[in-house]
Amino acid sequence: MATQLTRAPAVLAPAPQRPRPRGDTVGNWRWSQRLAFGACWAAGIALCVVAIAIVGYMAVRGLQYLRPDILFSRPEPGLAQSETGGILDPILGTILLTLIGIVIATPIAVATAVWLVEYGRPAALARLVESGIEVVAGTPDIVLAIFGLAVFQLHLFAPISFTASGGGVFGRSFIAAGAMMSLIALPLVFAATREGLASLPARLREGSWALGKTKICTIRTVLLPQVRRNIATGVALGTGRIVGDTAIVVVLLGASLRIDPQGNVPGLSVLRGTGSTLTSYVYANSPAGEGNAPQKAYAAAFVLLVIVLLINGAVDLLGRRSSHVELGV
Amino acid sequence: MSMYDEVGPADPFLEDDVPSLPPPRRRVRVDRTPLPVEPGAAPFARVRDRSSGPERMRLEGLTVNYAEARVVKGVSLSIHQGEVLALIGPSGCGKTTLLRTLNRLTEATATASRGGRVLLDDQEVEQIEVTALRRRVAMVFQQPNPFPMSIFDNIAYAIRVQNRKRPGRRELEPAVVDALRRAGLYDELGGDLDRPALRLSGGQQQRLCIARAIATRPEVLLMDEPCSALDPKSTAVIEELIGELRRELAVVIVTHNLAQAHRVADRVAFMYLGDLVELGDVDQVFEAPQAQRTRDYVAGAFG
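Listed in order, the protein sequences are those of chains A and B.
If you count by this note's numbering, then the first sequence holds residues 194 to 522, one letter each, in order.
If you count by this note's numbering, then the second sequence holds residues 50 to 352, one letter each, in order.
Because the hints were derived from the structure by calculation, they are not lab data.
Some hints could be false.
Result set (SDA-like, lysine to any residue): computed pairs, CA atoms no more than 25 angstroms apart in a straight line [stated by the list, open to error]:
1. A:408 / B:206
2. A:408 / B:201
3. A:408 / B:282
4. A:408 / B:158
5. A:408 / B:237
6. B:282 / B:237
7. A:408 / B:114
8. A:408 / B:180
To be clear about the criterion: a stretch of chain B counts as covered by chain A if any three or more of its residues have a C-beta under 8 angstroms from a C-beta of chain A, and this derived list gives those stretches [said to hold, decoys possible]:
9. 174 to 186
10. 254 to 268
Quick reminder that beta carbons are idealized off the backbone N, C-alpha and C, glycines included.
Required output: the full structure, derived from the provided sequences and hints.
Here is the structure:
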């Protein structure tokens with residue numbers, strides 16, 4: 194700041210006089226500008242058309258096959274379409290997996306962001322942490338899935354994994370899949386929290402320190418309540434990503450369409466067990482998968498789309514509200 | 050519509066110095082709205098024959114460096130209870146840095162380093178636990194910075210000591226009300242302490258910050274241009290408040306507004322490029338300055 198102020202800009206050469214445009218309308222533009230203008234419009238409209246097409250097509254096909262009993266009945270083994278049941282388990286699986294992923298990701302992400310913004314020393318470690326999170330954010334989900342499988346097949350993780358009677362560890366369970374899913378959400382929660390903390394004015398921190406408060410007390414009482422909305426936005430974005438992810442589900446949650454508990458401990462048995470989500474259900478029932486029941490796939494895909502759109506709407510709403518909040522700036 | 054429209058005003062917090070009013074030759078009073086003063090109370094006027102109280106803080110050869118740059122160069126002065134010490138000087142001359150050294154807030158800046166001694170009641174500030182020190186040497190900032198909580202919680206937050214069982218609302222209420230009273234804010238609030246603090250006006254927010262700072266009964270109150278973000282009316286109210294507060298504690302105020310320094314201060318320290326050029330009673334510094342630099346500055350020749 195001070196260095197900028199020390200030197201006033203040198204006297205500017207008089208700007209070359211350009212003829213004032215006579216009316217800034219498309220008619221007066223050069224052809225290259227008209228072309229670029231038209232291309233911008235076309236790109237925007239094309240995106241809208243694609244979005245409407247996806248939602249419209251899925252709505253038509255989905256609503257065609259969606260019956261209330263499909264929503265509330267479990268998948269059944271059967272050859273005929275009428276015998277294969279509904280999508281209750283995939284819906285529950287989606288919710289459970291998302292919950293696990295978010296519950297694991299949020300505290301870690303928030304803690305990391307707080308450390309980075311409020312402490313961030315040594316600087317080399319801070320840079321390392323940031324690039325580490327960038328690597329996680331940039332890793333394709335199928336790579337995360339394969340890596341997760343390699344890790345959770347270790348005997349160490351037998352207690353949280355679907356296991357064969359001989360003692361073989363499959364490395365597949367809700368916990369295993371949820372743990373890898375948390376890596377999908379973590380960078381988003383982290384980035385949102387970091388941005389929120391970084392945007393808080395320094396006088397908020399100094400005001401608290403000047404009252405004889407420690408850094409940790411300041412973070413807990415003054416700063417974190419201020420970034421609650423940022424965290425919520427990050428969580429909502431992460432939720433959207435987890436709900437939409439397929440590769441990790443297919444690789445790490447097992448191939449069973451029904452939620453298949455392992456062991457006898459209530460609760461834990463579900464977490465240890467395998468299951469499915471809407472994405473893996475769509476994959477399994479599409480002609481590309483093994484089920485070849487496109488009607489069910491369309492119905493499930495439509496439900497998935499509605500869930501994702503609802504989450505996006507919630508993110509928008511959160512973002513809009515947070516811009517209205519006075520931050521004491 | 051040009052690209053330059055995008056650029057908003059600079060963050061006032063970053064701006065160390067705001068342009069001050071042209072300094073007066075004689076004592077000038079800003080038009081102020083009379084305050085509701087309880088009958089019988091003496092009108093606000095500086096007591097000329099001050100009997101300055103006991104010494105609270107003493108600086109001995111204080112130097113502060115930011116990385117390589119020395120911004121405070123061997124300043125020695127003492128701060129007494131019962132008087133207002135105003136630090137004046139042109140922008141970037143180390144006034145704010147000096148102020149922030151007194152409660153060790155410069156330690157939050159990684160590049161800052163300090164030499165010389167700062168004593169609070171004859172004890173080196175390094176030897177006092179920093180949270181305890183800051184409860185005894187409170188600070189009010191340039192921008193009102195109430196926390197985004199209720200009015201009550203803002204002050205309760207200051208009162209609560211860490212690592213103790215958190216006292217409840219009933220136990221804290223008298224202390225909170227007392228702090229608000231002393232900051233002259235209580236009557237304006239109409240008993241509603243649960244309002245968000247950010248809903249208050251700028252002047253009220255600053256007085257809330259003062260209430261928060263004095264809630265712990267500090268011995269010294271540091272004020273870093275407390276009025277530069279406020280309108281003249283709020284400024285007058287706060288200046289009046291400073292006059293009240295100096296009875297019970299030592300006040301150090303950094304100001305760019307020479308008229309304000311003239312109005313509120315008992316003693317004035319003029320700093321220039323990190324040096325303490327002149328230190329003396331307010332009338333002496335403003336009306337018969339010893340140093341040529343002080344004479345020029347007070348006369349408005351530079352700044």
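Does residue 237 of chain B sit within 25 angstroms of residue 408 of chain A, going by the straight-line distance between their CA atoms?
violated, 33 angstroms
Are 3 or more residues of the region 174 to 186 of chain B near chain A, judged by a Cβ distance of less than 8 angstroms?
holds (count 6)
Can you tell me if the region 254 to 268 of chain B counts as covered by chain A, using C-beta to C-beta distances under 8 angstroms and a minimum of three residues?
Per the Cβ count (4), the hint holds.
Take the C-alpha atoms of residue 408 of chain A and residue 201 of chain B, compute the straight-line distance between them, and say whether it is at most 25 angstroms.
holds, 22 angstroms
Is residue 408 of chain A within 25 angstroms of residue 114 of chain B, Cα to Cα?
Roughly 23 angstroms between the alpha carbons, so the hint for residue 408 of chain A and residue 114 of chain B holds.
For the pair supplied as a hint, residue 408 of chain A and residue 180 of chain B, confirm whether the alpha-carbon distance does not exceed 25 angstroms.
Given pair residue 408 of chain A, residue 180 of chain B holds - Cα atoms ~10 angstroms apart, limit 25 angstroms.
Given the hint that residue 282 of chain B pairs with residue 237 of chain B, does the C-alpha gap stay at or below 25 angstroms?
holds, 15 angstroms
Given the hint that residue 408 of chain A pairs with residue 282 of chain B, does the C-alpha gap stay at or below 25 angstroms?
violated, 35 angstroms
Check the hint pairing residue 408 of chain A with residue 206 of chain B against an upper bound of 25 angstroms on the C-alpha distance.
Holds, at roughly 14 angstroms.
Distance restraint between residue 408 of chain A and residue 158 of chain B, which requires alpha-carbon spacing of 25 angstroms or less:
holds, 14 angstroms
Of the numbered hints stated above, those contradicted by the structure are hints 3, 5, listed in ascending order.
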